[in-house]
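Novice: Residue numbers (this note's numbering), protein chains in the order written: chain B, 7 to 325; chain G, 9 to 246.
Read the hints as simulated data drawn from the structure, not as lab findings. Remember, predicted model here, so these are calculated numbers, not experimental data. For each residue, glycine too, the CB sits at the ideal point set by N, CA and C. Certain hints may be false.
What the hints assert, rightly or not - Sample of chain G residues facing chain B (criterion: CB under 8 Å; computed from the structure):
1) 79
2) 82
3) 87
4) 93
5) 97
6) 99
7) 101
8) 105
9) 111
10) 114
11) 118
What the hints assert, rightly or not - So these bits of chain G aren't anywhere near chain B, every CB distance computed over 12 Å:
12) 75
13) 84
14) 100
15) 129
16) 149
17) 155
18) 178
19) 187
20) 203
21) 213
Said to hold, decoys possible - What follows is a set of in silico ranges between Cβ atoms, one per label pair, in the way DEER data are often shown:
22) B/125 x G/88: 45 to 51 Å
23) G/103 x B/72: 44 to 50 Å
24) G/103 x B/82: 48 to 54 Å
25) B/94 x G/36: 46 to 52 Å
26) B/199 x G/103: 19 to 25 Å
27) B/307 x G/127: 50 to 56 Å
28) B/313 x G/74: 47 to 53 Å
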Amino acid sequence: MTATELTQLLADGLILGSMYGLIAVGYTMVYGILQIINFAHGEIYMLGGFGALFVYAWVPGLRAIPLWAALPVLLVVAVAVSVAAATGAERFAYRPLRGAPRLAPLISAIGLSLFLQQVVFNFFTLPGSSMGVTAPVPFPQFETAPLDLAGVQVSVAGLLTLALAAFGMVALTWFVRRTRTGRAMQATAQDPATARLMGIDTDRIIVIAFAIGAALAAVACVTQGLRLGTVSYNMGFITGLKGFTAAVLGGIGNIQGAMAGGVVLGLAESLASGALPHIDALAMFSGSVWKDVWAFVILIVVLLIRPQGLFGERVADRA
Amino acid sequence: MSALLEVDDLRVAYGKVEAVKGISFTVEEGEAVTLIGTNGAGKTTTLHTLSGLLRPAGGSVRFRGEDLAGVPAHRVVALGLAHCPEGRHIFPSLTVEENLFLGAYLRKDAPGIADDLERAYTLFERLRERRAQAAGTLSGGEQQMLAMGRALMCRPALLMLDEPSMGLSPIMMRKIMDTVAELRRTGTTILLVEQNARAALALADRAYVMETGRIVLEGTGTELARAESVRKAYLGED
Chain B
7 MTATELTQLL
17 ADGLILGSMY
27 GLIAVGYTMV
37 YGILQIINFA
47 HGEIYMLGGF
57 GALFVYAWVP
67 GLRAIPLWAA
77 LPVLLVVAVA
87 VSVAAATGAE
97 RFAYRPLRGA
107 PRLAPLISAI
117 GLSLFLQQVV
127 FNFFTLPGSS
137 MGVTAPVPFP
147 QFETAPLDLA
157 GVQVSVAGLL
167 TLALAAFGMV
177 ALTWFVRRTR
187 TGRAMQATAQ
197 DPATARLMGI
207 DTDRIIVIAF
217 AIGAALAAVA
227 CVTQGLRLGT
237 VSYNMGFITG
247 LKGFTAAVLG
257 GIGNIQGAMA
267 GGVVLGLAES
277 LASGALPHID
287 ALAMFSGSVW
297 KDVWAFVILI
307 VVLLIRPQGL
317 FGERVADRA
Chain G
9 MSALLEVDDL
19 RVAYGKVEAV
29 KGISFTVEEG
39 EAVTLIGTNG
49 AGKTTTLHTL
59 SGLLRPAGGS
69 VRFRGEDLAG
79 VPAHRVVALG
89 LAHCPEGRHI
99 FPSLTVEENL
109 FLGAYLRKDA
119 PGIADDLERA
129 YTLFERLRER
139 RAQAAGTLSG
149 GEQQMLAMGR
159 ALMCRPALLM
169 LDEPSMGLSP
179 IMMRKIMDTV
189 AELRRTGTTI
199 LLVEQNARAA
209 LALADRAYVM
219 ETGRIVLEGT
229 GTELARAESV
239 RKAYLGED
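Chain G with its partners taken away, still in its complex shape (with noise of 0.2 Å):
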């Protein structure tokens, strides 16, 4: 039985440098898997290359058995992987309803799409009271929430989340992170970045440290939440 995902010695380039230097790891069905490090890691740009942003130089990517090498990113949507991205990016001038459709972009099922729709609004009530306003003029936590319910809509089957606290006030972030929870309660395979990694650690049944392209370091959300290093480097304390 193969893993959902499995990466095996990803290395990335822009240009002559080298982003991520060969790592390797797994994500299984239901796990909630998280990446942690300090910024220029070579988080996102692992994100960016599993949805097909970006080209890997070398390594392979496995999705549900398959290999996502040259695979469009607007392809491996298809195939499941749904990668919200780091900084929101929702579209301003668009509605949040037209956002979360986007969401469902390449689905044909009208029902679903309404249920899927249904069910965003409940997990984000906040969504359904401004469904028809502009999204730009939501407030950070509340474009976090379209991002993630956005990404939602497309039914995946392994859910990217890349720094979905950053930028939040501490009551939109737990908000945020419970939500994570739920979702992973919920069945929803998750690949989740994040530079808060006490909260990452907390809710991740496995985790991976990444370091200038590498990793370090990999164990249970627990193990790793007591391991002297990550306390010292990640977790502030002495």
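Chain B with its partners taken away, still in its complex shape (with noise of 0.2 Å):
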């Protein structure tokens, strides 16, 4: 294997992880917060691609004009839709459970999860079927034919997803550090009651964890749905699955290691699938069939050596 082919592998992982990363965001946000796991942030995130692509679908003026051009559209509308379900959600299906044990609002978000694919699966019948679309919807793409970086061939979804990663993580970053409402957020999640005290309405900080989390993931699922060609109705399980691995892997509660244990996750899938068949004890165990068993034993290794995630220790000093 070249060094060209090694570096495609690194390049299409980073784009993948930050992808995971983007996903995992909303998970560490929410559990740093309320140390809940939201099982349907997968389902918030797939119905920004299903926004994005409802849009582009009825509006006919965006598909008059260049994709990079109605671009900003899908993405607002994306955003839109994946923060009035998430902070629907917050209200409806977690905010009733507060105080309630721990297991009650994990099956909430597990019902949530699935009745969000089912609503999904049965609006978006296909032309001529009286039944959802079980099939993966097309999706607008560039046609602009990928560039080639010294031989390494990078597309411009792939750059965007890059783009807009690093994006969101400098804002997000900025927004925490910076700002009134983002100290109030790591107020609440280190100590509630005492950020009650100071006068921070914590359940507005709450709301406003959710929608930062179901923006960035509507920022993913359109940026996937670009890569890929096509959005599923139950495209946010298993992808919703590798956003939480990532926010395990980089420490859960911690924002900037979320990003990283996306990117630490992606790395390993395109290395999996890429650059195992070439090492022969390992080659039967390679290809993208494989790719997910080897992202969960790097979580499972992970989790063995570092209990708390790889930068986890932002965690134990919750007081």
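Two chains, each in its own frame: build the complex with the hints.
Specialist: The structure is reproduced here in structure tokens:
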């Protein structure tokens, strides 16, 4: 295997991983504040893609202009749909269960997850079919040829993924560290009762955390649609699980860790499908069918060595 | 003329267990009032209810003439009632200065906030030295200073201090109690909960003694410090 091939795998892994990272942030922020896993986050992510697809299909003007010009509209609608779904979920599926045993919001999340999948399944029927669409639905794609960077092929959608992930993380870090609401969010994560004594409306902070996570997940789904050319009603299940894995890998509760965990996971998957075939002893465990196995092997190994995740020490100083 | 804080027949329960069984007391503007009593007497529960973290099972709380029933904790602060909780509860991974700014979370007057930050640093020079340090790295005494400074950042009309001297070295304890006395001298109204009854009675205008959810004795600080039952039970004298 050549250096160029390896670089190609690393580039692909980085792109995939930064998309996982965008999803992982949503898990980690909600966990950081509420100590619950929002298992419907994968569906929040999926809804963003369908939101974008919906305006693209129903607003004729959007198809008449180049995709890059329509993209801001797609992103805004995707974010709006996901944020609406996530804040609605918070209000009706999680807030009534605050203070209930920890299993209750988990079950609520699983129910919500199935509910959202079925709504999308039933809503997007293909012409001539009375049933929902089980097959992936085509998503608009850039027609520009991939860029050739010294032999490494990177698609426009791939570059866009990297750019949006980088922008999202910089903006989020600035928000959390530098703004008044961001500091209130940190305070709420560290000590909710005392945060209320400061005059922080913690219910509002929780809604903001759900909304930010949903917005980033919606962006991730649009980039995924652009890269793969399809979205499907059940795409949130396995990708959501990967995002969750990335969050745990990076140390749940740590925002930068979530992105790092995503990148580690993306690289692992990419190398498992592309680099392992070159190692004779492991060749039979390689290829894209094995990539999920390797992704979760990495998770298990990291957790055995560092149960708090790669960057998990930040959670330990919770008082 | 009504008192700044009027508590009337307040009852608080955890499930079926009543922790506060109908207590009434007042705090007048400019006064330092202390609640003393042993562990489990209901002092901390009382403060948590006043600041809105707990809901009363009965009775009423009026602050500046306003009924606090149903007012959520984050609005109580806005009315001028600051609560410096037991066990400090500073935000460990935020810096000292960020913690102080959170005390002024609801205020919009930047110049006033800057003045009060300066006042907090003058009161506790140690905090100024450590302003950029993560609050979790401070010693217990420094964390107590930070918690008090943070509570003062909202310019409270009433400052409630819960066990400010708990777990501190004797020197640090004196420093903290001296600061409480100084705040009282400079006109801050204080409601102090303390297990260190001697120190609390020495600086309080008036005091209430709580036992298993009831107020069993009240009087001026000096009266209670002389009362035989208090000396036996709380000051460790025979």
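Novice: Take the shortest C-beta to C-beta distance between residue 87 of chain G and chain B; is it under 8 Å?
Specialist: violated (10 Å)
Novice: Quick one: work out the minimum CB distance from residue 100 of chain G to chain B and report holds if it exceeds 12 Å, violated otherwise.
Specialist: violated (5 Å)
Novice: Was the hint right that residue 114 of chain G lines chain B, CB cutoff 8 Å?
Specialist: holds (4 Å)
Novice: For the hint on residue 99 of chain G, does the least C-beta distance to chain B fall short of 8 Å?
Specialist: The hint holds - residue 99 of chain G has a Cβ within 8 Å of chain B, the shortest such distance being about 5 Å.
Novice: Tell me if the beta carbons of residue 199 of chain B and residue 103 of chain G are separated by a distance inside 19 to 25 Å.
Specialist: Holds - the Cβ-Cβ distance for residue 199 of chain B and residue 103 of chain G, about 21 Å, lies within 19 to 25 Å.
Novice: Hey, is residue 75 of chain G genuinely clear of chain B, shortest beta carbon separation above 12 Å?
Specialist: Holds, since 19 Å exceeds 12 Å.
Novice: Check the non-interface label on residue 149 of chain G: least C-beta distance to chain B beyond 12 Å or not.
Specialist: holds (17 Å)
Novice: Taking the closest pair, is the beta carbon of residue 155 of chain G still more than 12 Å from chain B?
Specialist: violated (9 Å)
Novice: Is the gap between the beta carbons of residue 125 of chain B and residue 88 of chain G within 45 to 51 Å?
Specialist: For residue 88 of chain G against residue 125 of chain B, whose Cβ atoms are near 48 Å apart, the range 45 to 51 Å holds.
Novice: A cut-off of 12 Å on Cβ-Cβ distance, and residue 84 of chain G was said to be off the interface with chain B. Does that hold?
Specialist: violated (8 Å)
Novice: In terms of Cβ atoms, is chain B entirely out of 12 Å range of residue 178 of chain G?
Specialist: It holds; residue 178 of chain G is separated from chain B by about 25 Å at its closest Cβ, greater than 12 Å.
Novice: Minimum C-beta separation from residue 213 of chain G to chain B exceeding 12 Å: can you confirm that?
Specialist: At about 25 Å from chain B, residue 213 of chain G clears the 12 Å cut-off, so the statement holds.
The earlier numbered hints that this structure contradicts are 1, 3, 8, 11, 13, 14, 17, 24.
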